[in-house]
Amino acid sequence: MIILGDSGLLRPGRWRWLAALGWMVALFAVMSVLLFPGWLHAAPAYRNAVRIGSVLVAYAVYALAVRYGERRAPVEIAARPLLPELLAGLAIGAGMFALVFTSLRLLGVYTLAPGQWGDWPTDIVWALRTGFAEELLLRLVVFRLLMRAGGLWPALAISALLFGAMHLANPNATLVAALAIAVEAGLMLAAFYLVTGRIWMAVGVHAAWNFVQGPVFGARVSGGTDTGSLFVSAPVQGSPDWLSGGAFGPEASLPAVIVGFVIFVVVLRAALRRWNREPVR
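The opening position of the sequence shown corresponds to residue 1 in my numbering, with each subsequent residue numbered one higher.
Don't read these hints as lab results, they were simulated from the structure.
Remember, predicted model here, so these are calculated numbers, not experimental data.
Mixed in with the good hints, there may be bad ones.
Label-pair distances were calculated between CB atoms; the ranges are [claimed, not checked]:
1. Asn172 to Asp6: 38 to 46 Å
2. Leu112 to Gly151: 28 to 36 Å
3. Thr227 to Phe36: 48 to 56 Å
4. Thr111 to Asp6: 50 to 58 Å
5. Leu107 to Tyr46: 37 to 45 Å
6. Ala157 to Trp275: 12 to 20 Å
7. Val176 to Val25: 27 to 35 Å
8. Trp242 to Ala79: 37 to 45 Å
9. Ala98 to Thr227: 18 to 26 Å
Yeah, the Cβ is synthetic: ideal placement off N, Cα and C, and Gly gets one too.
Kindly produce the complete structure, drawing on both the sequences and the hints.
Next comes the structure, spelled out in structure tokens:
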């Protein structure tokens with residue numbers, strides 16, 4: 001069952017759509033401050049602890065906000081399904097990016113060579129933190145409350161475009177890269193939230209996709225660079241950017257868009273079939 005919220009600030013009424021949008025803006029602002037504080041880049045000895053702590057605090061505050069602002073239990077972050085759904089998401093995300101990278105190799109547009117994996121604990125924390133933080137902001141806050149305000153299709157489109165636009169500030173970003181991320185990840189990750197009614201599987205997919213892309217294959221993650229990875233990879237010189245992703249990395253490539261969109265369609269269809277049996281409220 002998908003719980004969007006139908007009590008408290010989101011109780012039915014003529015202006016519920018406006019209340020949902022206002023609540024979305026307020027939650028987004030608070031969660032952003034908690035998840036991305038100025039002291040996030042602490043001294044290396046404490047950095048991982050700070051990153052983990054900021055996520056735990058943000059989820060605790062979200063749970064309290066839902067309980068008292070929406071007057072309901074925050075079932076979308078229920079603890080009992082966390083481990084199995086997170087592990088399933090990790091397996092799916094790893095498999096998805098492995099398929100993308102295999103396609104790039106078979107097309108002859110990406111190189112691959114042995115690398116040297118350095119600080120793997122930090123890489124694991126980075127990938128998981130990114131998944132937990134961005135899924136809380138973009139799926140639980142933005143997508144859920146947009147869906148409460150205007151329905152499924154506008155929420156999918158707007159939240160995906162916002163997710164893509166947020167990557168425009170990244171190194172080597174282009175409009176094409178942002179649109180690619182909107183399609184392959186913004187839509188797909190929302191579908192994983194919809195099919196379970198919880199955020200954990202989307203978190204796992206997001207984290208594993210980034211982890212396999214960067215620390216494992218050594219490709220650029222959303223335009224950024226990695227300091228150490230199991231392998232080292234790069235676009236073949238002269239290969240078209242639309243096929244290889246260019247300087248932004250594989251996420252701007254055609255294979256990534258195809259894989260992400262196909263998975264989105266499959267998972268969304270499963271979610272819609274589930275809605276025929278369980279109401280959305």
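Here is what the structure says about each hint:
At roughly 43 Å, the beta carbons of Asn172 and Asp6 sit within the given window of 38 to 46 Å. Taking 28 to 36 Å as the suggested C-beta distance range, the pair Leu112 and Gly151 does not conform, at roughly 44 Å. Between Thr227 and Phe36 the CB atoms are about 21 Å apart, so this pair departs from the stated range of 48 to 56 Å. A C-beta distance of roughly 53 Å is found between Thr111 and Asp6, which places it inside the suggested range of 50 to 58 Å.
For Leu107 and Tyr46, the Cβ-Cβ distance of about 43 Å falls inside the hinted range of 37 to 45 Å, so the restraint holds. Under the hint 12 to 20 Å, the C-beta atoms of Ala157 and Trp275, about 19 Å apart, fit the expected range. Range check, Val176 to Val25: Cβ separation about 29 Å, and the 27 to 35 Å hint holds. A C-beta distance of roughly 43 Å is found between Trp242 and Ala79, which places it inside the suggested range of 37 to 45 Å.
A hinted range of 18 to 26 Å for the beta carbons of Ala98 and Thr227 is consistent with their spacing of about 22 Å.
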